Each structure stands twice: as C-alpha cells, then as structure tokens.
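Participant: For reference, the chains in residue letters:
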Amino acid sequence: KQEVTQIPAALSVPEGENLVLNCSFTDSAIYNLQWFRQDPGKGLTSLLLIQSSQREQTSGRLNASLDKSSGRSTLYIAASQPGDSATYLCAEIQGGSEKLVFGKGTKLTVNP
Amino acid sequence: NAGVTQTPKFRILKIGQSMTLQCAQDMNHNYMYWYRQDPGMGLKLIYYSVGAGITDKGEVPNGYNVSRSTTEDFPLRLELAAPSQTSVYFCASSYSRDIGGYTFGSGTRLTVV
Numbered sequence: 001k002q003e004v005t006q007i008p009a010a011l012s013v014p015e016g017e018n019l020v021l022n023c024s025f026t027d028s029a030i031y032n033l034q035w036f037r038q039d040p041g042k043g044l045t046s047l048l049l050i051q052s053s054q055r056e057q058t059s060g061r062l063n064a065s066l067d068k069s070s071g072r073s074t075l076y077i078a079a080s081q082p083g084d085s086a087t088y089l090c091a092e093i094q095g096g097s098e099k100l101v102f103g104k105g106t107k108l109t110v111n112p
Numbered sequence: 001n002a003g004v005t006q007t008p009k010f011r012i013l014k015i016g017q018s019m020t021l022q023c024a025q026d027m028n029h030n031y032m033y034w035y036r037q038d039p040g041m042g043l044k045l046i047y048y049s050v051g052a053g054i055t056d057k058g059e060v061p062n063g064y065n066v067s068r069s070t071t072e073d074f075p076l077r078l079e080l081a082a083p084s085q086t087s088v089y090f091c092a093s094s095y096s097r098d099i100g101g102y103t104f105g106s107g108t109r110l111t112v113v
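Order-wise, the sequence lines are chains S and V. Start counting the first sequence at 1; every next residue gets the next number (the working numbering). Start counting the second sequence at 1; every next residue gets the next number (the working numbering).
In case anyone wonders, no lab produced these hints; they're calculated from the structure. Be aware that a few hints might be false.
Computed list of lysine-lysine pairs in DSS-like fashion (alpha-carbon distance at most 30 angstroms, straight line) [unchecked claim]:
#1 S:Lys99 <-> V:Lys9
#2 S:Lys42 <-> S:Lys104
#3 S:Lys99 <-> V:Lys57
The following residues of chain V were derived to be distant from chain S, with all beta-carbon distances above 10 angstroms [what the hints assert, rightly or not]:
#4 Lys14
#5 Glu59
#6 Ala82
#7 Gly107
Note that the structure is predicted; figures quoted are calculated from it, not measured. Glycine included, every Cβ here is placed at the ideal spot set by N, Cα and C.
All chains, full assembly: derive it from the sequences and hints.
Facilitator: Okay, here's the thing in structure tokens:
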C-alpha cells in the first residue's frame, strides 16, 4: 500500500532561516512527486513537481529533491519569510496510476 | 479568472439527507479529482476521472457517487449523509499526471448533524 509520511508535523523557525521539510514514500515505483502549499481555510497550491527521472527542481527560494533509492524527498526553503507560513504537503503518483497519494503535511510557522 | 470553482462553500446537512457538491473547471483539463480532508489526516481520494464519461474509485468512495458528462463538470453526490462524512471536500483538476500543475478549488466545508 502506498504511504507517504511527513516529519515533523509542525515546525517553527525565526525569519531568515533556511529550512528543510521531509517527505518519505514506501514504493520505489514512483512516477512523480509533488509539493503543495495550503494556507488556512484555502485550497492547495502546486509548488514543484519532480519526475522520477529527475533529482531536483527549483522555483525561486524553493528547491525540491528526490531520492528514489532511499524513498525520500526534501523541500528546501531558503531565507524563510513570515509569508511562507503554511502547511506543506507532498504527494506521489506511482507508475501505472493516476492517483496522487498525500502525506499529512508539515505546518510551518515563520516568526518575524 | 480561470480555475476550479466549487459550490457551495459551506453546508450543514442532517443525517440521511442527500446533496450534490458542484465542481467546474475552465482550463480544459482532462483529469479531475475529489478529495476529502479531515483534521490532521491529510487528503484522501474519493473519486477521480481521466476524461468525460470515465470515472473510477479512489481510496474512500463509500457513500459517494460521481458523474462526468462533460470535460468541465465533475459533481460529487452524497447519498444518505452520515456524521462520518463531515469534512472539507476539495475538487482538483490537471491536464495530465506528467505535467502536474494541479489546480485545487477552495473547498466545501460540510457538516452532518
């Protein structure tokens, strides 16, 4: 059974700090992995998508990596800002599937 | 603005009532999805569709039904509402699983009492 785990469930950091959010998945037959952001009371916003053939993707201050052999992905946020405060979710699609399977998310708070 | 539109935003149902959650997208996306999100539990897939006339069950389909008669619309039907269906429901769409760029609606908060 596909399972996606995100640790920690919550993280609080001071503004300006670089930080890493972790995501692990159980099946190496991953097709792609995506990172989303969810603000309170809102829907999800797609941040980055990494295909299984790629090792990382970058967008602005965000960098996501994928290591299939270890079943891990990380989302690196550089120079964090209070506006980065949100819940970050990762989700995978396995080969042969059309379905995103989500982790429970990491709630990030960036303190001014 | 282009995107995924969900209605209603909030609804309170009594046990045993039925309702339809509406979802429409104007991006000509092939793939559409319904998820539910319970506190601290992440998102669970209810149903999905890879194109008009094609639907399939997700992880938690019991108590729900869907139809996809057009590319734009993907309504979710709740029959005989139960308290366990109290949740926030999100509709999403994407062009394909390769391109990603999933677009989510703003959600429907449903309470069954």
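Participant: Take the hints in turn and mark each one as holding or not.
Facilitator: Tested hints:
1. This hinted pair checks out: S:Lys99 and V:Lys9 have alpha carbons roughly 25 angstroms apart, not beyond 30 angstroms.
2. Proposed proximity of S:Lys42 and S:Lys104 is supported: the alpha carbons are some 16 angstroms apart, at most 30 angstroms.
3. For the proposed pair S:Lys99 and V:Lys57, the alpha carbon gap of about 10 angstroms is at most 30 angstroms, so the pair holds.
4. Against chain S, the non-interface label of V:Lys14 holds: every CB pair exceeds 10 angstroms, the least being about 24 angstroms.
5. The non-interface label for V:Glu59 is inconsistent with chain S: the shortest C-beta to C-beta separation is roughly 8 angstroms, within 10 angstroms.
6. Here V:Ala82 stays apart from chain S, with its beta-carbon at least about 23 angstroms from theirs, past the 10 angstroms limit.
7. A cut-off of 10 angstroms between C-beta atoms contradicts the statement that V:Gly107 is not in contact with chain S; the least separation is 6 angstroms.
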